[in-house]
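Q: Those protein sequences? They're chains A and B, same order as listed.
Counted from 1, the first sequence has number 184 at position 182 by my numbering; the numbering is strictly sequential.
Counted from 1, the second sequence has number 451 at position 180 by my numbering; the numbering is strictly sequential.
FYI, nobody ran anything at the bench for these hints, they're computed from the structure.
Errors might be hidden in some of the hints.
What the hints assert, rightly or not - Quick list of the computed label-pair ranges, beta carbon to beta carbon:
#1 F283(B) x R115(A): 54 to 64 Å
#2 H195(A) x F283(B): 29 to 39 Å
#3 D19(A) x L517(B): 47 to 57 Å
#4 G139(A) x P392(B): 52 to 62 Å
#5 T110(A) x G476(B): 53 to 63 Å
#6 R131(A) x L342(B): 33 to 43 Å
#7 F508(B) x D19(A): 50 to 60 Å
#8 S512(B) x G22(A): 55 to 65 Å
#9 R426(B) x R131(A): 25 to 35 Å
#10 S274(B) x D78(A): 55 to 65 Å
#11 R131(A) x A291(B): 47 to 57 Å
#12 L342(B) x R68(A): 22 to 32 Å
#13 P91(A) x S512(B): 21 to 31 Å
#14 R241(A) x D423(B): 35 to 45 Å
Stated by the list, open to error - Subject to a maximum C-alpha distance of 25 Å in a straight line, what follows is the list of computed SDA-like cross-link-like pairs (lysine to any residue):
#15 K129(A) x P91(A)
#16 K129(A) x H523(B)
#17 K129(A) x H421(B)
#18 K129(A) x A420(B)
#19 K129(A) x W519(B)
#20 K129(A) x T88(A)
#21 K129(A) x A443(B)
#22 K129(A) x A521(B)
#23 K129(A) x A181(A)
#24 K129(A) x A166(A)
Claimed, not checked - If the Cβ cut is set under 7 Å, some of the chain B residues that face chain A in the computed set are:
#25 H421
#26 G428
#27 A430
#28 A441
#29 P442
#30 R524
#31 W525
Beta carbons are placed, not taken as given, at the ideal position from N, Cα and C, and that holds for glycine.
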Amino acid sequence: MTPPPLIHCQALAKRFDTTGPAVLGPLSLTVAPGEFVSILGPSGCGKSTLLRLVSGLLAPSEGTLRVADRPPGELDDLAYVFQDATLLPWLRVAANVETLLRLRRVSTAERTRRRDAALGLVRLTEKARAYPRQLSGGQRMRVSLARALALEPRVLLLDEPFGALDEMTRDHLGEELLAIHARQAWTALFVTHSVAEAVFLSTRILVLAPHPGRIAHDLAVDLPYPRNHETRRAPDYLRLVADVSARLRAVEPAEDFAA
Amino acid sequence: MSSRLLRRLPPFVLAALFLAGWQALHHSLPPGRRFLFPSLPQLGEAFQVHGPALLGAAGHTALASLGGFALAALVAAGASLLLASSTLVRQALYPYLMGLQMVPVIIVAPILILWVGPGAPSVIIVTFLITFFPLVVNTTQGLLSVEQAHLDLFRMGRAARWQELLLLRAPAALPYFFTGLRIAAILAPIGALTADYLVGSTSGGRSGLGITALLFSARNEIPGLYATAVVGCALGFVLVSAVSGLAWLALHRWHDSYSAEQIER
Ligand SMILES: Nc1ncnc2c1ncn2[C@@H]1O[C@H](COP(=O)(O)OP(=O)(O)OP(=O)(O)O)[C@@H](O)[C@H]1O
Ligand SMILES: [Mg+2]
Chain A
3 MTPPPLIHCQ ALAKRFDTTG PAVLGPLSLT VAPGEFVSIL GPSGCGKSTL
53 LRLVSGLLAP SEGTLRVADR PPGELDDLAY VFQDATLLPW LRVAANVETL
103 LRLRRVSTAE RTRRRDAALG LVRLTEKARA YPRQLSGGQR MRVSLARALA
153 LEPRVLLLDE PFGALDEMTR DHLGEELLAI HARQAWTALF VTHSVAEAVF
203 LSTRILVLAP HPGRIAHDLA VDLPYPRNHE TRRAPDYLRL VADVSARLRA
253 VEPAEDFAA
Chain B
272 MSSRLLRRLP PFVLAALFLA GWQALHHSLP PGRRFLFPSL PQLGEAFQVH
322 GPALLGAAGH TALASLGGFA LAALVAAGAS LLLASSTLVR QALYPYLMGL
372 QMVPVIIVAP ILILWVGPGA PSVIIVTFLI TFFPLVVNTT QGLLSVEQAH
422 LDLFRMGRAA RWQELLLLRA PAALPYFFTG LRIAAILAPI GALTADYLVG
472 STSGGRSGLG ITALLFSARN EIPGLYATAV VGCALGFVLV SAVSGLAWLA
522 LHRWHDSYSA EQIER
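Extracted from the complex, chain B is given alone in its bound form (with noise of 0.2 Å):
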């Protein structure tokens, strides 16, 4: 077998693995309990019945966090400009910033049904809650770590403040961004369902995967509760590969982290 061969074959063997002991765990269950944990025809029959459903759950969801999570970017790409911009700024909106981030959803879902009603744009506004802060954090961040001779060279230039801040700032903040996208890509998901869960539309066919379990779970329909697990993984795994695939569009000629010797390992 080729070498190359073998070096992709880890993540499959893993996949079976994985596979197996889930199909293990099942059947070692005392057969009265065996409900608990799905086999996996059990597993895919429950995707052959809620399909439908589960798709189109799924998409309302994606919708949501998409929805939420490029609000979050967006308006934290032009919070972190105004942050970084000065330190009194700074000091004076961090801590509504962390508030924003403190607050519990739990207690932001009532006052929003009351505000806003049930349904999609709730959603957003909690997706949106949750992921803001990693972003608007790291962002900042590197807007200020910028090397201290780049610095000096602007001002001998005698850059503007403006091109200081777009033409050095910004595209030295760039990794730190993605880094603060990826952790945003993984909660959008897990925000969106729980807000559906909370907030979410109850009406026939605009509910997404929240409501779905919500369903599932009162209905005792366990291998569905694990379907909707299942998807909701795969959404974010979706999610956080596409902002990997942006990432490398943007960095990965000039940033370290993509260097030769690091692919080659």
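The shape of chain A in the complex, shown without the other chains (with noise of 0.2 Å):
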């Protein structure tokens, strides 16, 4: 039998000006516990929107969003992994991991427990005196994800994590991360404009059309575990990117570039 779906929206809209078009939407999704969802699009369709329809940090403006059968922002074990690091810079690499269970007044030995735990899946535990200035791109970005991981989530969402990062960093960025999911259950909803590591990460792609913001295509990705830098260079592997780019393409609004 299938697990309870973890999200699920139905006919969800979003329009940030009341009268005017949706700027995301109506869309429907159902995301089962455990899936590795990619969401790839022209820049603009909408993706950090649903990311953050999904958070709560925005509210819906037509349509139902239900996220471990709760209304978004009532969850406490969902984690959200912004662009940027957005580390506090007042605060050593260990107090910004725990900043998030601070606020949720976990006790101090399990706040120490999940933060250990977490810079260590990040391998970063002996950086944890260091503040964040004095750390490199890629390691501000793995501090974040750790201060996610240490909400210890059911729901990860990342909104182009890898963004900033060179292509070396992003690409060990990304197998720590399929790593670490081997390991924890959470699901995870992974906004990215990289074809490849969307592919490489993924169970399952959304290719998303915009004007207004929908899924023009929902793909799934049956890659053996575990992936590494072999998985790289399979055959399915460069088929699979090579589909998901022509069909990211298709969906590519050319006259946004005419002008």
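Each chain sits in its own coordinate frame; assemble them with the hints.
A: If you want it as structure tokens, here you go:
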């Protein structure tokens, strides 16, 4: 039998201007526990908006949206990784990782345990006492990821988390993220502009079309696990990347770039 | 000579030039008017003769400026938290805060003398009035200048309003608060000196630098007046340095204004 959906939206739509056209939707989507869903689509098509809706930072204009069978924003174990690391510069790495736990009044002992575990997962234990400005961009992003993982989330929303990094670092972090996903049972919504990254990481890829944002393609990625640098050379992988790239190019609105 | 020593040199060279310039200015005046700008030895003599009196007066003015300054810092911190809590509060209270800064000390002085009487409390109140505004404006600005991404993070963390205020806005506002403190540290001794002049105690041994200056001027003790000015400046420097030290302690680990490259330069 199929497990009950973790994220469920039905005819979900968002308009920022009450009289204007919808920016996103109507869109229906069901995500099961443990899925790693990547979201691709042209700039401005509403990927971030979709994530912000699921997180509860934005309220839907129409339709229903349930996360773990509750309205979004009520869920304690949902974590958001933003495009920038958004670390608090006045706190050391360790305290940054604990920030969200502190807000939730998690006990000191438990906070310490989860902080150390999360820092271990992103392999930054030895940087615990550093300040953010003493870290490289990739390290900062890993701290940001650790901060989200310390929540022991059931749902992890990632909005172009590696977008600002070079390709090597990006690939490394992707592999790290997959390894962590294999050990922990969270469900990911992962926004990216990189088709290769999406194919490598995901169990499923959504390609959004713009004006208004809607799901143009919903593709399963059935590459075997564990995935590693070998995977990036496998014919199946390369075929999928080419296929998804073609589909993405087809929804890209050429007129937006003509001017 | 080592390059390190060379780099330390300019301030000393400048100080020597300054003193030489001072002396030259004295001698460039016609002999009949040289009394208007005392020479360095005359200044030294004034310090010798009036040293104890100046020191006592400086102590009173230092305490009053520190009192007014600390009071302003505390009240400004509290008031900024209130002001940052809502636009409505801010819009309603801002005119009164500006008013506080705009009331001329010359007019406040006689009222204070009637209400509080001349002496240290009145001096502290005037110093408070002069230093409060830059502190509250800067700190409030800091509390409001928080990155949207950080606010989103706290909202995602379902932070309570007080958590957002104390764990996010307050630390983010620290650099702004210290900018306010630096301005206030410069204003405080000037304010306390002026206040002493206007509302200070004239009874023996309790007066500050303002009254001292008043007496020198009444007695035509020109070198004494200059010595008072020098002491006033010194007070300002001490207070500003203390604030800079505090700012360094609070900010150097994380704030960009203390980043390595900036120190190198
Ligand atoms: N707060 C807002 N107010 C008004 N319009 C908004 C707001 N946020 C987003 N939009 C609009 O909604 C649309 C979708 O924005 P969104 O940020 O979701 O795009 P995106 O797919 O994440 O783009 P990118 O890949 O460039 O990050 C855009 O046209 C944008 O202008
Ligand atoms: Mg976006």
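Q: Please go over all the hints and tell whether each is borne out by the structure.
A: Structure-based check of all given hints:
Distance hint check for F283(B) and R115(A): the Cβ-Cβ separation is about 56 Å, which falls inside the suggested range of 54 to 64 Å. With their beta carbons about 58 Å apart, H195(A) and F283(B) fall outside the hinted range of 29 to 39 Å. Look at D19(A) against L517(B): about 48 Å separates their beta carbons, and that is inside 47 to 57 Å. With their beta carbons about 55 Å apart, G139(A) and P392(B) fall inside the hinted range of 52 to 62 Å.
Under the hint 53 to 63 Å, the C-beta atoms of T110(A) and G476(B), about 55 Å apart, fit the expected range. Range check, R131(A) to L342(B): about 37 Å between beta-carbon atoms, so the 33 to 43 Å window is met. Roughly 57 Å separates the CB atoms of F508(B) and D19(A), a value that falls within the hinted 50 to 60 Å. Taken as a hint, the range 55 to 65 Å holds for the pair S512(B) and G22(A), whose Cβ atoms sit roughly 57 Å apart.
Distance hint for R426(B) and R131(A): a CB-CB separation of about 28 Å, consistent with the stated range 25 to 35 Å. In this structure, S274(B) and D78(A) meet the distance hint of 55 to 65 Å, their C-beta atoms being roughly 58 Å apart. In this structure the supplied range 47 to 57 Å holds for R131(A) paired with A291(B), their Cβ-Cβ distance being about 51 Å. Separated by about 54 Å at the C-beta atoms, L342(B) and R68(A) break the suggested range of 22 to 32 Å.
Between P91(A) and S512(B) the beta carbons are some 26 Å apart, a value that agrees with the proposed interval 21 to 31 Å. For R241(A) paired with D423(B), a C-beta distance near 38 Å keeps the hint of 35 to 45 Å intact. Of the pairs offered as hints, the one joining K129(A) and P91(A) holds, with about 14 Å between alpha carbons and a cut-off of 25 Å not exceeded. Taking the CA atoms of K129(A) and H523(B), the gap is near 19 Å; set against the 25 Å cutoff, the hint holds.
Restraint check: the Cα-Cα separation between K129(A) and H421(B) comes to about 22 Å, which is no more than 25 Å; the hinted pair holds. Annotation: proposed proximity of K129(A) to A420(B) holds, straight-line Cα distance about 23 Å (limit 25 Å). Only pairs whose Cα atoms come within 25 Å are accepted, and K129(A) paired with W519(B) is accepted, the gap being roughly 23 Å. Taking the CA atoms of K129(A) and T88(A), the gap is about 17 Å. The hint holds against a cut of 25 Å.
Between K129(A) and A443(B), the direct Cα distance comes to roughly 23 Å. Compliance with the 25 Å bound is thereby established for this hinted pair. In summary, the hint linking K129(A) to A521(B) is supported, as the alpha carbons are separated by about 21 Å, within the 25 Å threshold. At most 25 Å may separate the alpha-carbon atoms for a hinted pair to count; K129(A) and A181(A) meet this at roughly 21 Å. Only pairs whose Cα atoms come within 25 Å are accepted, and K129(A) paired with A166(A) is accepted, the gap being roughly 21 Å.
Taken as an interface hint, H421(B) checks out: its beta carbon lies about 6 Å from the nearest beta carbon of chain A, inside 7 Å. With its C-beta approaching chain A no nearer than about 4 Å, G428(B) sits inside the 7 Å limit, and its interface hint holds. Using the Cβ-Cβ criterion of 7 Å, the hint placing A430(B) at the interface with chain A is satisfied: the shortest such distance is roughly 5 Å. With 7 Å as the threshold, the beta carbon of A441(B) stays out of range of chain A, its nearest partner Cβ sitting at about 10 Å, so the hint is violated.
Hint on P442(B) holds. Least Cβ distance to chain A is approximately 5 Å, under the 7 Å limit. The interface hint given for R524(B) holds, since its Cβ lies 6 Å from the closest Cβ of chain A, which is under the 7 Å cut-off. Taking 7 Å as the C-beta cut-off, the interface hint given for W525(B) holds, the closest approach to chain A being about 5 Å.
Hint check: violations occur at hints 2, 12, 28; the rest are consistent with the structure.
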